[in-house]
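Colleague: One letter stands for each residue in the lines below.
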Amino acid sequence: MNLRLILTLIIKEAELVIKDHSILLVLFIAPILYFVMMGSTYIKKDEEKVSVGVVDMDLTKSSKSFLNKVNATQKVDITHVYNSLPEAKIGMSKFEIQGIISIPRDFEKKLKKNESSPIGLILNNTKFLSSNDINKAVTLVTMDYALESRQKYFESKGINPTFAEIKANPITTQVNGVYNPTNNYGNFLLPALLVLILHQTLLIGLSESIASDRKKGLMKIGFETSKYNFLTYITGKLGFHLFLYSAYLLFTFLVAFPYFDLPIKGDFLTLIFVSLIFFMATLLYGWFISTFFSSQAVAMEIMAFTSYPVFLVTGITWSISDMPLFLQVISNLLPLKPFFVFIKRHAIMGVDAYLYSHEVIQLLLLLLLGYVAAYLRFRYLQKKSIQMKPMVSGTLDQNGV
Amino acid sequence: MLKNWPVYRVFKREMLRLARLKSARNLFIIIPLVVFLLLGSIYYKGALREIPVAVYDNDNSTLSRTYIRFLESSPNLKVTHYLSSSDAIENAFVEKDVQGVFYIPKDFHKNILKNVPTQIRIYTNSTNIVFGNLLYKTALQVTQTLSGAIVAKRIAPLGINPNKILGTVLPININTRVLGNPQYNYVYYLLPGLTTVLLQMIIFLAAARAFNLEWKNNTYQELFSLARGSIPTMVLGKYFAYMVYSLGLSGLTFAIIFPIFGIPIYGNIGFLFLLLLLFITVSIIMGFGLSLMVKDEIIALDAAIFYNSPAFVFSGFTFPIWAMPWPNTVYAEIIPYTHFLTAFLKLYQLDTSLNFILPEVLKLLLFLFCGILMIAIGLLINRKSIFLSPKTAAL
Numbered sequence: 001m002n003l004r005l006i007l008t009l010i011i012k013e014a015e016l017v018i019k020d021h022s023i024l025l026v027l028f029i030a031p032i033l034y035f036v037m038m039g040s041t042y043i044k045k046d047e048e049k050v051s052v053g054v055v056d057m058d059l060t061k062s063s064k065s066f067l068n069k070v071n072a073t074q075k076v077d078i079t080h081v082y083n084s085l086p087e088a089k090i091g092m093s094k095f096e097i098q099g100i101i102s103i104p105r106d107f108e109k110k111l112k113k114n115e116s117s118p119i120g121l122i123l124n125n126t127k128f129l130s131s132n133d134i135n136k137a138v139t140l141v142t143m144d145y146a147l148e149s150r151q152k153y154f155e156s157k158g159i160n161p162t163f164a165e166i167k168a169n170p171i172t173t174q175v176n177g178v179y180n181p182t183n184n185y186g187n188f189l190l191p192a193l194l195v196l197i198l199h200q201t202l203l204i205g206l207s208e209s210i211a212s213d214r215k216k217g218l219m220k221i222g223f224e225t226s227k228y229n230f231l232t233y234i235t236g237k238l239g240f241h242l243f244l245y246s247a248y249l250l251f252t253f254l255v256a257f258p259y260f261d262l263p264i265k266g267d268f269l270t271l272i273f274v275s276l277i278f279f280m281a282t283l284l285y286g287w288f289i290s291t292f293f294s295s296q297a298v299a300m301e302i303m304a305f306t307s308y309p310v311f312l313v314t315g316i317t318w319s320i321s322d323m324p325l326f327l328q329v330i331s332n333l334l335p336l337k338p339f340f341v342f343i344k345r346h347a348i349m350g351v352d353a354y355l356y357s358h359e360v361i362q363l364l365l366l367l368l369l370g371y372v373a374a375y376l377r378f379r380y381l382q383k384k385s386i387q388m389k390p391m392v393s394g395t396l397d398q399n400g401v
Numbered sequence: 001m002l003k004n005w006p007v008y009r010v011f012k013r014e015m016l017r018l019a020r021l022k023s024a025r026n027l028f029i030i031i032p033l034v035v036f037l038l039l040g041s042i043y044y045k046g047a048l049r050e051i052p053v054a055v056y057d058n059d060n061s062t063l064s065r066t067y068i069r070f071l072e073s074s075p076n077l078k079v080t081h082y083l084s085s086s087d088a089i090e091n092a093f094v095e096k097d098v099q100g101v102f103y104i105p106k107d108f109h110k111n112i113l114k115n116v117p118t119q120i121r122i123y124t125n126s127t128n129i130v131f132g133n134l135l136y137k138t139a140l141q142v143t144q145t146l147s148g149a150i151v152a153k154r155i156a157p158l159g160i161n162p163n164k165i166l167g168t169v170l171p172i173n174i175n176t177r178v179l180g181n182p183q184y185n186y187v188y189y190l191l192p193g194l195t196t197v198l199l200q201m202i203i204f205l206a207a208a209r210a211f212n213l214e215w216k217n218n219t220y221q222e223l224f225s226l227a228r229g230s231i232p233t234m235v236l237g238k239y240f241a242y243m244v245y246s247l248g249l250s251g252l253t254f255a256i257i258f259p260i261f262g263i264p265i266y267g268n269i270g271f272l273f274l275l276l277l278l279f280i281t282v283s284i285i286m287g288f289g290l291s292l293m294v295k296d297e298i299i300a301l302d303a304a305i306f307y308n309s310p311a312f313v314f315s316g317f318t319f320p321i322w323a324m325p326w327p328n329t330v331y332a333e334i335i336p337y338t339h340f341l342t343a344f345l346k347l348y349q350l351d352t353s354l355n356f357i358l359p360e361v362l363k364l365l366l367f368l369f370c371g372i373l374m375i376a377i378g379l380l381i382n383r384k385s386i387f388l389s390p391k392t393a394a395l
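First to last, the protein sequences are chains C and P. Just so you know, we're using UniProt numbering here: the first sequence kicks off at 1 and counts up by one. Just so you know, we're using UniProt numbering here: the second sequence kicks off at 1 and counts up by one.
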């Protein structure tokens, strides 16, 4: 490894990035803009006041009181009152409301007679989040009614109110959402989303740079500059990106995480160290894959479409064990998967080091795998470039510069 | 006669050009096949069942075991570990790989018999809210069922009319009817959204290189001559070719991917087709506009990726638009996908009639107008490259 040559290669890469508007945009504008755009989308962390319509056929004090209780919950907002169910269904078809609560006639009468009063709940389940929130809110209100009714019954039998209350609710539950107490969407998605933005912009920018190198014949020049030393070449070529993304990394953990109120419970140095391993593995993977692209446009197109599958296959929204075996294998070969688990355990949960050591080892193994793959590819491309006719090589050199 | 029609000649040329273009092959065939199948495979099981949970039974009584049996009988849960100390709870999520821990306190049974309030504590790993929500729902259901049964047993000897026990224990009964995706199936929920957002992105990206690539490859003169110097002919010819490719892609999505994963289409196919035609047209025309405005195809691609990539997040599909800050809601409004998605969900899952999607159709038409405006601006900006003199055209 020659430090002077590495520095030359780093400067060359920086020049390439600065001269190419597209790469410049991807590496310098896109991460910040996406951080702002995507991050701010979830800044409220959770939804509130989901629109619900009501059809109150009973129109009594009890039905109004029930609806008021539902409306008082944080997640539900009764925005529309309809005269009939067909009318309400029209409202739902227009997406004015996400759910309908329908109270039948004799609701109050049945309640007073201690008979079970059915109410209708129609949910628009095309979007899970809102549908779940309405369902939860209405269920909780009906549970309150159940407790009240039982308590009243015991009181009617001469049991004192405090004792009646205990008798009415023999088992209570306390559900603690550990590591995300309010079970909100923002805390669940944001840490992974911020990492994904860095991952994807890094890959797109790098693939564009390498495709541009290949197209202009600059890759051979890079090889020559490094004197065909793999470590010198790869450190020089990727060093600029690693340096830049280390800065983004600090920005993410020192600015974005606190801004979006995301916890970093674990040790900061460990976080940075493991993140650097992750970025190095990603860069080697990225370099290896990108050397198969000879067109900047094709590289961009393909890399842009990897965002969704790469994100979802890591198991961030779905259990990996519930995926087919081939996807489990793919998932475990991506540095993003162990890194997400590490972030979750180290930063969000703050567990002891031995509980994420497996992920750190996996990242190191993937770094090694990336290194071997990149090395073999380098030797192959080197062999290929040497076999090229000197005249062609000379022409490329001139054009390339 | 058709052969001599300039629009047809441009169309035919464009069909062949796209077939030869590696980028078009990637966008219209390879990427959708790989990505759509992969995305569908992730959620192929559809619903989450048997979420692994641990139980710490500190009572070990008949009632606590009944409670555990209730948990085990729920299709949503699978008790995989029994903890023996409260210290283990903290690390159980990671060490035992469970998503929830149920803690039954000491003297649980005794306290219930003595009418002393007792509480079951449930810890959910809410770093993933999908598990968190399901556990919350199930835990509440199981506990309320047992609690209700105990109350019913307590009420019975007090001389209640048996017909009124249910009304006293559970005075309000919810009859829930779920529209759209009654199976709560994740493939049915996510895959249509993901495939259609990628559909827009693919079409937009391909169309964003429709004209600037001609300039880059020095083939524009040939196109200009073939269209006899008529810009509408060029645009129309290309539009039909892109439409054919886009319909092929839609066919792949709705006729192959959907059936493979068993995704039902509740709505009218004809209405859906009309909506798709409009959506595809908007994407193509806006892509053309960008292609004519930005001569550098790479910068045009950058802009297209930049504009389309966040479409899914902003569409309100997984997180509602009303919960976003206002600048984000504005951005959501200026992406055609947001409006297409609303109309698509109305037609395809709620099976509504066409008049319900009128507001979204009007908005998509507005986008179409914007696309045409973009084309006009492109013609104005790059008029020297677009309107060739007869001499240049002949060359």
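Derived by calculation from the structure, the hints in this document are not laboratory data. Just so it is clear, CB atoms sit at the ideal spot from N, CA and C, and this is done for glycine as well. Please note that the accuracy of each hint is not assured.
Unchecked claim - Derived pair list, reagent style EDC-like, types lysine to aspartate or glutamate, alpha-carbon separation capped at 16 Å: (1) Lys69/C / Asp56/C; (2) Lys106/P / Glu72/P; (3) Lys164/P / Glu108/C; (4) Lys44/C / Asp261/C; (5) Lys96/P / Asp352/C; (6) Lys114/P / Glu72/P; (7) Lys89/C / Asp351/P; (8) Lys164/P / Asp56/C; (9) Lys69/C / Glu148/C; (10) Lys136/C / Asp77/C; (11) Lys61/C / Asp106/C; (12) Lys265/C / Glu90/P; (13) Lys75/C / Glu108/C; (14) Lys78/P / Asp322/C; (15) Lys49/C / Asp77/C; (16) Lys152/C / Asp106/C; (17) Lys75/C / Asp46/C; (18) Lys45/P / Asp322/C; (19) Lys114/P / Asp56/C; (20) Lys136/C / Glu48/C; (21) Lys383/C / Asp261/C; (22) Lys89/C / Asp56/C; (23) Lys110/C / Glu165/C; (24) Lys216/P / Asp97/P; (25) Lys19/C / Asp296/P; (26) Lys78/P / Asp97/P; (27) Lys216/C / Asp352/C; (28) Lys94/C / Asp351/P; (29) Lys89/C / Glu108/C.
Unchecked claim - Beyond 12 Å from chain C on every Cβ pair, some chain P residues (computed): (30) Val7; (31) Asn60; (32) Leu134; (33) Arg177; (34) Leu198; (35) Ala343; (36) Phe344; (37) Thr352.
Colleague: What hints, given by number in increasing order, does this structure fail?
Modeller: Hint check: 2, 6, 8, 13, 16, 19, 21, 23, 24, 27, 29, 32, 33, 34, 35, 36 and 37 fail, others pass.
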